[in-house]
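Respectively, the protein sequence lines represent chains A and B. Take the first sequence: its letter number 35 is residue 35 in the working numbering, and every next letter is one higher. Take the second sequence: its letter number 82 is residue 82 in the working numbering, and every next letter is one higher.
Treat each hint with caution, since some may be false.
Said to hold, decoys possible - What follows is a list of derived Cβ distance ranges for each label pair:
hint : chain 1 : residue 1 : chain 2 : residue 2 : range
1    : A       : Arg286    : B       : Glu59     : 30 to 40 angstroms
2    : B       : Asp86     : A       : Ser8      : 53 to 63 angstroms
3    : B       : Glu60     : A       : Ala436    : 19 to 29 angstroms
4    : B       : Leu28     : A       : Ala266    : 22 to 32 angstroms
As the list claims (entries may be wrong) - Straight-line alpha carbon distances no greater than 35 angstroms define the calculated DSBU-like cross-link-like pairs of lysine-lysine that follow:
hint : chain 1 : residue 1 : chain 2 : residue 2
5    : B       : Lys52     : B       : Lys12
6    : A       : Lys261    : B       : Lys12
7    : B       : Lys52     : A       : Lys261
Please keep in mind that the hints were generated in silico from the structure rather than gathered at the bench. The C-beta atom is built at its ideal place from N, Cα and C for all residues, glycine as well.
Below are the chains, spelled out letter by letter.
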Amino acid sequence: MSEFRMPSLGADMTHGTLVEWYVRPGGAVRRGQIIGLVDTHKGAIEIEVFEDGVVREIFTKPGERVPVGGVMAVIDTTAESLPALPSAVEAPSRAPLPGVAAASLAELPGTRKPRLVRGTGPGGAVTLEDVRVTPTARPEQPRRVKETERVRATPLARRIAEQHGVDLRLLQGSGARGAIIKADVERALRSAEPRATTAGVTVKPAEAAVQAPPASPEPDRGTAMRQAIAAAVTRSKREIPHYYLAMHVDMNASLAWVAEKNQGRAAEDLIAPAALQLRAVALALRDYPEFNGFWIDGRFRSGGGIHVGVAVSLRGGGLVVPAIRDADGLDVESLMRALGDLVMRARVGRLRGSEVTDATITVTSLGDRGVETVFGVIYPPQVALVGFGRIVERPWAEHGMLAVRPVVTLTLAADHRASDGHRGSLFLSAIADRLAEPDR
Amino acid sequence: MNESELQAIVLKALRNVAPEVATDQIRLDADLRDQLDIDSMDFIRLMAAIEKEVGVRLEELDRARITSVNDLVAIFSTALARSVRDAARQ
């Protein structure tokens with residue numbers, strides 16, 4: 001059995017809200033399959049499962065907010081299939097249900113919501129029949145959502161209370177400002193009769209989840225994103241000793257190359273100069289790997305592969321940095337397709353969890369109608385950020401002669417713990433060389 | 001396809017790229033990129049959507065001349081007429 005937990009989709013993420021599931025109990029899943037959509041301060045992110053298996057239990061309901069690490073579902077990763085779901089069973093089963101908490105059964109359609117279940121199976125294990133005969137805590141009526149939610153309680157305490165049919169309004173809160181915390185709910189459970197046996201009551205949410213401040217209205221995503229960006233850049237400027245380098249690069253060869261390739265192409269197949277810029281960075285990183293990775297616990301750790309994060313500005317404000325994996329291995333067309341796809345999905349909010357956490361370096365382009373020079377802020381724990389400004393026609397002197405060329409200002413913001421200016425300069429020169437010879 | 005149909009296609013494609021902008025607030029003769037804060041990646045996406053819907057491919061030179069909604073309508077109109085003429089000749 002494998003617990004599917006709310007993934008951390010950023011250093012500063014503490015919670016996510018499930019928007020919808022794409023799978024159901026009983027459904028088979030494959031490693032890498034997208035199984036749901038979660039709303040975070042970075043927008044709606046698709047979450048993937050990393051093992052083959054069959055979905056056994058789903059605990060989290062759409063709209064529910066779950067702390068990072070909180071269990072959302074259980075996936076059976078063993079080869080054998082498990083017994084059918086309770087609602088499909090004809091005769092009451094006396095066999096203990098392996099690894100399944102009675103409380104979780106209550107979430108399935110067609111079953112009751114037990115308050116506490118006494119197990120009559122071997123070793124006090126809870127059987128299907130036990131669940132069936134246990135009276136419900138409350139008469140079947142619509143949950144009075146509004147009233148219980150006016151009660152101050154941490155999200156974790158709420159989950160535990162709901163799973164065990166505990167009424168929050170009857171509890172005394174010992175948390176900040178009288179908020180009900182996990183310990184309060186557990187104390188109430190311990191003093192209640194009949195007592196639940198081992199298999200019957202399991203606290204699912206991760207113990208590591210920090211006690212959140214008392215429940216307050218959900219901040220809107222714009223504010224949450226702003227806070228996430230604030231946390232990242234504050235940490236960056238506090239911890240990373242930045243140095244900055246800039247270089248003017250002649251983009252003539254690259255633009256001519258792109259114009260030639262784009263001749264006769266439909267708009268959907270067009271190559272943007274940005275693709276060449278990203279490719280130049282990815283290839284240059286092969287020779288300057290100290291800019292591709294992370295500074296963690298006092299030393300540099302290689303990124304493993306070259307996964308270029310692309311800073312994408314969002315309409316109405318905000319920033320998200322999805323990554324193009326193994327960018328150095330892609331030809332220009334594939335890179336352009338990946339870039340177009342990522343930018344589009346970033347702006348409509350359909351990025352995948354793995355895309356938002358993968359970047360080993362970030363490239364930011366404030367080109368188009370923007371500024372000429374980007375002085376970037378490194379996204380921790382990365383060690384470098386490459387910037388491209390707007391391509392501008394400039395006088396360009398070469399071999400004692402004057403010409404006009406399309407010029408871009410290429411910048412590097414780098415972590416001085418991981419690299420020095422000399423290597424930084426060579427890295428930028430390598431990028432410039434590749435832009436001068438796009439065919440290489 | 002007449003010009004008002006073309007314009008409808010253009011505005012629909014714009015809504016996909018800039019969903020928060022009310023269609024009736026888009027100035028037809030003003031620079032699109034400035035008005036709607038569209039960057040080059042979104043512009044390519046916009047062109048791709050319109051080309052697909054209209055069924056005609058523009059020359060890169062023509063694309064470079066586009067700044068406003070009116071430009072889009074005019075240039076696509078010309079390109080459509082040209083492709084109809086070319087098809088008739090064959």
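Hint check against the structure, violated hint numbers in rising order:
The structure conflicts with no hint, since it agrees with every one listed earlier.
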